[in-house]
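Undergrad: Use the sequences and the hints to build the structure in full.
Numbered by my numbering, the letters in the sequence shown go through residues 30 to 130 in order.
There may be inaccurate statements among the hints.
Computed Cβ-Cβ distance ranges for the label pairs, DEER-style [claimed, not checked]: (1) K32 <-> L112: 32 to 42 Å; (2) A108 <-> S37: 12 to 22 Å; (3) A108 <-> D61: 26 to 36 Å; (4) Q81 <-> E40: 13 to 23 Å.
Computed cross-link-like contacts, DSS-like style, restricted to lysine-lysine with a CA-CA straight-line distance of at most 27 Å [said to hold, decoys possible]: (5) K60 <-> K71; (6) K92 <-> K68; (7) K95 <-> K68; (8) K60 <-> K92; (9) K60 <-> K32; (10) K60 <-> K98.
These are calculated hints, taken from the structure and not from any lab test. Beta carbons are placed, not taken as given, at the ideal position from N, Cα and C, and that holds for glycine.
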Amino acid sequence: MSKRSTLSLPERLDISEAESLRERMNKALEKDAEAYDIKADKVTRADSAGLQLLLSFSGAVSKLGKEMKITHPSDEFLAAAELLGVTELLDTRKVNSGSIK
30 MSKRSTLSLP ERLDISEAES LRERMNKALE KDAEAYDIKA DKVTRADSAG
80 LQLLLSFSGA VSKLGKEMKI THPSDEFLAA AELLGVTELL DTRKVNSGSI
130 K
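TA: Shown next, in the form of structure tokens:
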């Protein structure tokens, strides 16, 4: 069984939360996890800084040869990703489980 690490995104995935979220992401990367689940269900606002940080985390996870999955994205999260043109980069396809990969 693979070891997964879960990280919950804040309600405001924006510049005001970027520094503290970056620190939490770095701590998550230090764990000996094979995969990372990113809970996006509570996101009510997202801006380019927040989504850039998430893309950076995704790149770091990928470089380690690991997997990242965004689970239960809120409508606001999906709308911001679409507005900023990063849905393909985040691979935001909905699947039956209520998550995106």
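Undergrad: Would you mind marking each hint as holding or not holding in the structure?
TA: Right, here's what the structure says about each hint:
1. K32 <-> L112: 32 to 42 Å: holds (34 Å)
2. A108 <-> S37: 12 to 22 Å: holds (19 Å)
3. A108 <-> D61: 26 to 36 Å: holds (35 Å)
4. Q81 <-> E40: 13 to 23 Å: holds (18 Å)
5. K60 <-> K71: Measuring from Cα to Cα gives roughly 24 Å; hence the hint holds.
6. K92 <-> K68: Measuring from Cα to Cα gives roughly 21 Å; hence the hint holds.
7. K95 <-> K68: OK: K95 and K68 at ~17 Å, within 27 Å.
8. K60 <-> K92: Status holds; Cα separation ~15 Å.
9. K60 <-> K32: Roughly 10 Å between the alpha carbons, so the hint for K60 and K32 holds.
10. K60 <-> K98: Answer holds: K60 to K98 is near 16 Å, not above 27 Å.
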